[in-house]
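Chemist: Below are the chains, spelled out letter by letter.
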Amino acid sequence: MSELRVDVAVVGAGPAGLAAAVAAAEAGAVVAVVDAANQPGGQFWRHRPEVGDADPDGRGHHDWDVFLDLRRRFRAGIAAGRVQHLPGLQVWMASRDDAGFTLRTTRTVVGGEGAGPTVHAARLVLCPGGYDRQLPVPGWDLPGVMAAGGVQAFLKANGALPGRRFVVAGTGPFLLPVAANIAEAGGEVLAVLESSSLSNWLPHWKAAASVPGKALEGAEYAGVFARHRIPYKTRSIVTAIEGGDRVRSVRWAKADADGRALPGTAGVFEDVDVVGFGWGFTPQMELPLSLGAETRVDADGSLVAVVDDRQESSVPGLFLAGEVTGVGGAVLAVLEGQAAGTAAADPAAVVLPAKGAARRDRHRRFARAMHQAHPVPAAWQDWLTPETLVCRCEEVPVSAVTEARDALGAEDSRSLKSFARVGMGWCQGRVCGFAASCLGAGPGEAAGQASLASAAKRPFAVPVPIPELASLDVLDD
Amino acid sequence: MSALDDAVRFTFDGRDLTAAPGQTVGAALVTNGVTAWRGTRKEGRPRGLFCGIGVCFDCLVTVDGVSNQRACLVDLCDGMEVRGSLADDAGAPDSSDVSAGADPDSAEETR
Numbered sequence: 121m122s123e124l125r126v127d128v129a130v131v132g133a134g135p136a137g138l139a140a141a142v143a144a145a146e147a148g149a150v151v152a153v154v155d156a157a158n159q160p161g162g163q164f165w166r167h168r169p170e171v172g173d174a175d176p177d178g179r180g181h182h183d184w185d186v187f188l189d190l191r192r193r194f195r196a197g198i199a200a201g202r203v204q205h206l207p208g209l210q211v212w213m214a215s216r217d218d219a220g221f222t223l224r225t226t227r228t229v230v231g232g233e234g235a236g237p238t239v240h241a242a243r244l245v246l247c248p249g250g251y252d253r254q255l256p257v258p259g260w261d262l263p264g265v266m267a268a269g270g271v272q273a274f275l276k277a278n279g280a281l282p283g284r285r286f287v288v289a290g291t292g293p294f295l296l297p298v299a300a301n302i303a304e305a306g307g308e309v310l311a312v313l314e315s316s317s318l319s320n321w322l323p324h325w326k327a328a329a330s331v332p333g334k335a336l337e338g339a340e341y342a343g344v345f346a347r348h349r350i351p352y353k354t355r356s357i358v359t360a361i362e363g364g365d366r367v368r369s370v371r372w373a374k375a376d377a378d379g380r381a382l383p384g385t386a387g388v389f390e391d392v393d394v395v396g397f398g399w400g401f402t403p404q405m406e407l408p409l410s411l412g413a414e415t416r417v418d419a420d421g422s423l424v425a426v427v428d429d430r431q432e433s434s435v436p437g438l439f440l441a442g443e444v445t446g447v448g449g450a451v452l453a454v455l456e457g458q459a460a461g462t463a464a465a466d467p468a469a470v471v472l473p474a475k476g477a478a479r480r481d482r483h484r485r486f487a488r489a490m491h492q493a494h495p496v497p498a499a500w501q502d503w504l505t506p507e508t509l510v511c512r513c514e515e516v517p518v519s520a521v522t523e524a525r526d527a528l529g530a531e532d533s534r535s536l537k538s539f540a541r542v543g544m545g546w547c548q549g550r551v552c553g554f555a556a557s558c559l560g561a562g563p564g565e566a567a568g569q570a571s572l573a574s575a576a577k578r579p580f581a582v583p584v585p586i587p588e589l590a591s592l593d594v595l596d597d
Numbered sequence: 003m004s005a006l007d008d009a010v011r012f013t014f015d016g017r018d019l020t021a022a023p024g025q026t027v028g029a030a031l032v033t034n035g036v037t038a039w040r041g042t043r044k045e046g047r048p049r050g051l052f053c054g055i056g057v058c059f060d061c062l063v064t065v066d067g068v069s070n071q072r073a074c075l076v077d078l079c080d081g082m083e084v085r086g087s088l089a090d091d092a093g094a095p096d097s098s099d100v101s102a103g104a105d106p107d108s109a110e111e112t113r
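Residue numbers (my numbering), protein chains in the order written: chain A, 121 to 597; chain B, 3 to 113.
A couple of the hints might just be wrong.
What the hints assert, rightly or not - Output of the computed footprint for chain B on chain A, the stretches with three or more beta carbons under 8 Å from beta carbons of chain B: (1) 161 to 169; (2) 222 to 230; (3) 506 to 515; (4) 547 to 559.
Unchecked claim - With a straight-line Cα cutoff of 20 Å, these simulated SDA-like cross-link-like pairs (lysine to any residue) come out: (5) B/Lys44 x A/Gly364; (6) B/Lys44 x A/Glu507; (7) B/Lys44 x A/Thr508; (8) B/Lys44 x A/Glu515.
To be clear, the hints were calculated from the coordinates, so they are not data collected in a lab. If you're wondering where the values come from, they're calculated on a predicted model, not measured in any experiment. Each residue gets a CB set at the ideal place from its N, CA and C atoms; glycine is no exception.
Kindly produce the complete structure, drawing on both the sequences and the hints.
Modeler: Quick look at the structure:
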């Protein structure tokens, strides 16, 4: 197993990680970048595999020029020997000692190459990103139901669609590019079901107007929706998904402000191939939590880490950027990454020029407004039946979770794990952790910080083969 | 070179299939009309792609004899042998490739 010593290690090569790596290298640090994917870009700039020097296609992407610029500087750093790119690797454990941080890695895809290298770094920048937040709904475990971001990733990475006829549902502006990209790739979007009302934005018009680029993006999507005749139904929810071996039909209804289905409004979409669900995003908190970073619950109900203006966490030398400090989009992630990378390379540096700092603050205000305009519906637990699966891996139904809560007093995700096995399977609660935490809190209740943290805290950040563990030559007391 | 010459050939549960180059195993299966290839351990419920980015582990397949690979992450290569668990029994767990931290009876529970 190889060992590597650098000034700054960066985990993740999405918008935040790329920006952090480039900034740290340009500030004079020797940098290692560990990324789960084979090529940089993260989920936001995920694209077709690059063959040789082929220029990837920027169609369907926003800020592609920003990516190309970061990639050019990233490659320059590699050429100059300042940046070492470690693709196809996931960090399964991060630890800290007097000398700094140690990252133990494993291959994202198991091959014959053995364990991944161990990276030692004086300072660490974590930019692990996030994934679609999910809520269970009857039938959501049928094949053909996907994360909205999963549909998007499928299209971006493979240049193909996972079906012909789509329903996109959930809440938030992210549903718009997903539906638009499906339509532009030749798929049929039967409807976008948005649980919130657009009037929710009215109290936040100032925050929205301060980021005009977002309004332009919105107008762009409105154009695509009109051209492809995509129905955008607000205050609308999926009530059940039906089918045998895969999705066939989707039942839906109009909803009140809390997300309760309104009587007499039920409808059905037939011949559906794919349902894409997205209820905002879940930041990947395993590594920040394992290093002891202080956390808080953000405006969207997600657990995020606390950072200062230099993106430094409560753990000295540990910098965080992107979703783990609050979900706010790629522009914000790049600005945060730039600040984190600069600060990690040089403790005395000015991390963001005044203009950049002002831009970052506007995007943070916009993100807060977005979260408040597109909340997880307060009454989502009303959609469930006792048989609805909460935990897909361990096949734990709602009844088992509510019984553990009501009869055994299991009100947090850790107790629910013990009593009902929710979150105990392959994904270790990554998919159901948020929903289980809410169910433990009770109907209409939001999940608390402790419950969210115990859903995301894992001794192993990702699965690691036993032989790799056995081959570790670590003989600590 | 025609598109057919470019196509990647692979087998799924013994069936000969082709896919466009540069796709993942998961995408190659789905574009061939295979939407489910795994059965859950308890009730054998069919599963295929869900998160699409390596987080949910719904899409596990056996690739060239290596079990429990995430189909959404593995790039398809010419001649790959892909197996699901729906074809044999209803997805009995494969004990030959236990991974710490992800197996249902992992360290997290026994701690």
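Chemist: It remains to establish, for every hint, whether it holds in the given structure.
Modeler: Quick rundown of the hints versus the structure:
Note: the stretch 161 to 169 of chain A has 3 residues with beta-carbon separation from chain B under 8 Å; the three-residue rule is met and the coverage holds. Using a Cβ-Cβ cut-off of 8 Å, 3 residues of the stretch 222 to 230 of chain A lie near chain B, which meets the minimum of three, so the contact claim holds. As drawn, the stretch 506 to 515 of chain A meets chain B at 4 residues by the rule of a beta-carbon pair under 8 Å; at three or more, the given contact holds. Evaluation of the coverage hint for the stretch 547 to 559 of chain A: fulfilled, as 4 residues show C-beta separations to chain B shorter than 8 Å, against a requirement of three.
The straight-line distance between the Cα atoms of B/Lys44 and A/Gly364 is roughly 17 Å, inside the 20 Å bound, and the hint therefore holds. The straight-line distance between the Cα atoms of B/Lys44 and A/Glu507 is roughly 15 Å, inside the 20 Å bound, and the hint therefore holds. Restraint check for B/Lys44 and A/Thr508: the C-alpha separation of about 15 Å stays at or below 20 Å, so the hint holds. Distance restraint check for B/Lys44 and A/Glu515: the Cα-Cα separation of roughly 7 Å lies within the 20 Å cut-off, and the hinted pair is therefore satisfied.
The earlier numbered hints are all upheld by this structure, with none contradicted.
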